[in-house]
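Kindly generate the complete structure, drawing on both the sequences and the hints.
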Amino acid sequence: MGKLSLSKYTFKNTVLIISLVVFTLFNSCKPVIKKSISGKWVVETIAYNNVLINECLLLNLMTFDRNKTCELPIVAFCPEYDIVTSNGNWILQETDSIPLMLTIDTDNRIFSGNHRLIFYRDEKANLFRMEVISDSLYMLCNKNLYNNGLSQDIMNYLVKVSHRDEETWPKNRQ
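Under the numbering used here, residues -9 to 164 are what the sequence shown spells out, in order.
You may find that some hints are simply not true.
As the list claims (entries may be wrong) - No more than 25 Å apart at the CA atoms, straight line, and that leaves these computed lysine to any residue pairs for SDA-like: (1) 24 - 124; (2) 24 - 150; (3) 25 - 83; (4) 30 - 76; (5) 25 - 51; (6) 25 - 142; (7) 58 - 123; (8) 150 - 112; (9) 150 - 45; (10) 30 - 99; (11) 114 - 128; (12) 25 - 93; (13) 114 - 39; (14) 24 - 108; (15) 30 - 45; (16) 24 - 71; (17) 58 - 102; (18) 25 - 130; (19) 24 - 87; (20) 24 - 144; (21) 58 - 85; (22) 58 - 103; (23) 114 - 51; (24) 150 - 27; (25) 24 - 97; (26) 58 - 28; (27) 24 - 152; (28) 25 - 66; (29) 58 - 122; (30) 150 - 117; (31) 30 - 77; (32) 25 - 57; (33) 30 - 78; (34) 25 - 76; (35) 114 - 146; (36) 114 - 33; (37) 58 - 114; (38) 58 - 41; (39) 150 - 32.
Hints are computed from structural coordinates only; laboratory data are not their basis.
Written out as structure tokens, the structure reads:
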């Protein structure tokens, strides 16, 4: 009887340890990604339904807080959009079909929904760039490369995980 109990105990411990290792491996990159998107991003280019709306922004700043809330750019100067909500909640996910997916939950129809994130470095301008892409929204956002609090290793990881090959990225694309 004693051996049977010991083998059950050992099997349970083995399953528990394997589960913890697998859980840790699959979730180890999330804090790095969450930390990297957190902070202030300058929106350089924004298009909604294939129409540039940069001139509609009251402020071209977007902030992602670590508590998963966000402040979105305020769309104020284009009556056809008539958007007053500038806050929301965000979640980052890694999926098989979209390497890095940002979900923004807000009443603001321009920013609400699922968006693919693509990161890359612009060494000439000393910027770390993030593209936010969905069926209706395209944004090119920037962080200063040297003052953004991200290490070179983290930036390299984000570029890799978002499937951006800097060498093949068109140099003339904004």
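*Which numbered hints turn out to be false for this structure?*
Violated: hints 9, 13, 16, 28, 37 and 38.
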